[in-house]
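K.L.:
Now for the letters of each chain:
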Amino acid sequence: MLMTYLEAIRQGIWEEMERDPNVFLIGEDIGVYGGAFKVTHGMLDRFGARRVVDTPISESAIVGAAIGAGFVGLRPVAEMQFADFITCGFDQIVNFAAKCRYRWNAPVPIVIRAPSGGGIHGGPFHSQNPEAWFVHTPGLKVVEPATAADAKGLIKSAIRDNDPVVFFEHKALYRRVKDDVPEGDFTVPIGKARVFRQGRDLSVITYGAMVHVAAEAARNLDEEGISVEIVDLRTLLPIDEETILASVRKTAKAIVLHEATMTGGVGGEISARITEKAFEHLDGPVVRITAPDTPVPFSPPLEQAFLPNVDRVVEKARWLARY
Amino acid sequence: MAAVKPSLTEALPESVPEAGLARRALYYMVLQREVEDRIERKLYRQGKILGGCYVGRGQEAICVGVGLVAEPDDVLFPSHRDLGLFFIRGVHPRQVFAQYMGRTGGFTRGRDGNMHMGDLNLKLVAIISAMAASVPVAAGAALALKYRGSPNIAMVFFGDGATSRGDWHEGINLAAVQKAPLVLICNNNQYAYSTPLDRQMACAHVADRGPAYGVPAEIVDGNDVMAVYQAARRAAGYCRAGLGPYLIECKTFRMTGHSAHDGADYVPQRLFEEWGDKDPIRRVEREMLERCWIAREEVDAMYAAVQAEIDEAVAWAEASPLPDPATLLEDVYETPGPGGIAGC
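Those protein sequence lines, which keep their order, are chains C and L.
Going by the numbering used here, the first residue of the first sequence is number 87, and it counts up by one from there.
Going by the numbering used here, the first residue of the second sequence is number 1228, and it counts up by one from there.
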């Protein structure tokens, strides 16, 4: 069934709430208002204020309360209004939630949803991609779907998972991406990447909104006779190294593409793993395409210059293909 | 709403057998004191315990007084000075010594040390080092108990310094707005590491902060275990009645440094002397002897039994194996990804 990325997340949460009375939502403006992006629209009417908890502006308390409710047998889904505000709940996520199982065998079955990403003229505090902070935290799972089908399948898996999952939803995809979502109770496994597009000449390893940038670039490059394979990571932690390496071994060339800034980003980790474990298969350097190391600017020409785009991918791919 | 100062001589409810209650309180306080003395004054100095080493000397009446009010299924969030709660929940000192020594017999199998321990089966939640981080977590547990229609409540313990952190304020506020059944117990020992209370806050009492959130608060003599017990009963009753959170500020004094490495030279000696005279164990013991609730010989026998239990427990802990380095990668996740844990 065709549906938007946003509708897919909404339906995934809705179905899990219907299925399991222990699933509940907690966050800012998620009840009457239905969430800043309307992901939780209609849920208050259906499930009531007991299960759709509007909170004060207290990200630390939202995450902390989710952890505590998890200890008492509930399966909380916490919403950060924007991923940018996740910093206010950082300690609860990286020091409390992430370490409980390892320290004292206490599962923390929570989901923290975080609308991330630029391209909506949100400026420095409504556009960031902070996934790398969490990818650097053992004990967390970090997910970022690119399609409606994966968004639904992964949010359902995240809710059923017994470990804390940080679930990044790219805001620019909410209403722009629409694809076929399987009927029925289907899930997508956390920790498994997928080959989004088959190709021969080079691999683009990417996730989130950049999957679509890569796809458009790949269509353009097809016309030039450069066949691009795209690996959509879907989960950033734990990373599916096998799928990445299999693709690179096949194409012998790799571009790692993400919207987040470069230094200390997920791209560095992936390119290091490729060079460590598939070096002898490579016919060229592993290339990163990312945003530059700046805050996310507001004004459209600046933001456009900041965000990786199709032209940059095409240009780098041509360069790499010549190796 | 203003902070309420209860009468410390208020009579216990008739249904409470005072002497029996006092005996239990004395036992758990003595057990905490003696276990912690062994940890801080012996095992730490012998190098058998490494790292941070936090004890609640002089403050035992707080966790014991509250702990004796808690129902078995109430969810407790001890701070690092509330060891007595573990004993009240049936934990054996063996497990505590093994925890401090980094042995597999401890709560965390060597993954964490000292008071960073918990057991969900016993409804004891482990603290993390960031002060007050447990407060929003406890608010969530309280919210979930209400969600599930449970008659149980959550009880969270913290020091005076913790009330300077944003987490404390976010947690109490959320609990108040949601009318979550959460008892907040402040162990006001007047020092946060080396920082005295007047450098920690400009208000006179931690209890003054409760009414700002619509939360009733009271101040209690934290060295009087029966007074703490009564305050905890009022607080628990309020929460169980569905009226929302309740704050208790227990005035006490930290009769040690922050941790075993800290000589606390910054604390004026006269304060140690003054508060030493108010020792909560000596106090309840004296009252019990005066009222003939216990005989001197029984007190002596209690101490002897505790010492014997501790000797046995230390031996057990020392015999408990240190963790096998091969277990390093276990339990990061319930199910790690197909590639396992990276970096090995």
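What the hints contain is simulated information worked out from the structure, not anything from laboratory work.
Fair warning: this is a prediction, and the values are worked out from it, not measured in the lab.
Quick reminder that beta carbons are idealized off the backbone N, C-alpha and C, glycines included.
Treat the hints with care, since some could be wrong.
Stated by the list, open to error - Just so you have them, the derived chain L footprint on chain C, three or more residues with Cβ under 8 Å:
#, segment
1, 138–144
2, 155–168
3, 325–333
Said to hold, decoys possible - Non-contacting residues of chain L with respect to chain C, defined by C-beta distances greater than 12 Å in every case (computed):
#, residue
4, Asp-1264
5, Val-1302
6, Asp-1339
7, Met-1344
8, Lys-1350
9, Met-1482
10, Trp-1502
11, Ala-1522
Said to hold, decoys possible - One side of the interface only, derived from the structure: several residues of chain L facing chain C at Cβ under 7 Å:
#, residue
12, Phe-1334
13, Gly-1337
14, Tyr-1560
K.L.:
Each of the hints needs a verdict: does it hold here or not?
P.N.:
Structure-based check of all given hints:
1. Closer than 8 Å: that is the beta-carbon criterion, and the segment 138–144 of chain C has 4 residues meeting it against chain L, so the requirement of 3 holds.
2. Residues of the segment 155–168 of chain C with a Cβ under 8 Å from some Cβ of chain L number 7, which satisfies the need for three, so the listed coverage holds.
3. For the segment 325–333 of chain C, the assignment as covered by chain L holds, since 4 residues bring a beta-carbon within under 8 Å of that chain's beta-carbons and 3 suffice.
4. The claim that Asp-1264/L is not at the interface with chain C holds, since no C-beta of that chain comes within 12 Å of its own (minimum 25 Å).
5. For Val-1302/L, the shortest C-beta to C-beta distance to chain C comes to about 7 Å, within the 12 Å cut-off, and the non-interface label is violated.
6. With a least beta-carbon separation of about 4 Å from chain C, Asp-1339/L fails to lie farther than 12 Å from that chain, contradicting its non-interface assignment.
7. The beta carbon of Met-1344/L is not kept farther than 12 Å from every beta carbon of chain C, the shortest such distance being approximately 6 Å.
8. Listed as outside the interface, Lys-1350/L is inconsistent with that label: its C-beta sits roughly 9 Å from the nearest C-beta of chain C, within the 12 Å cut-off.
9. At the 12 Å boundary, the C-beta of Met-1482/L stays outside the reach of chain C, the nearest C-beta of that chain being 28 Å off.
10. Every beta carbon of chain C lies more than 12 Å from that of Trp-1502/L, the smallest distance being close to 32 Å; the non-interface claim holds.
11. Annotated as non-interface, Ala-1522/L keeps its C-beta farther than 12 Å from every C-beta of chain C; the closest such distance is 41 Å.
12. For Phe-1334/L, the shortest C-beta to C-beta distance to chain C is roughly 6 Å, which falls under 7 Å, so the interface hint holds.
13. Hint on Gly-1337/L is violated. Least Cβ distance to chain C is approximately 10 Å, over the 7 Å limit.
14. Satisfaction of the interface hint for Tyr-1560/L is found here, the shortest Cβ-Cβ separation to chain C being roughly 5 Å, below the 7 Å cut-off.
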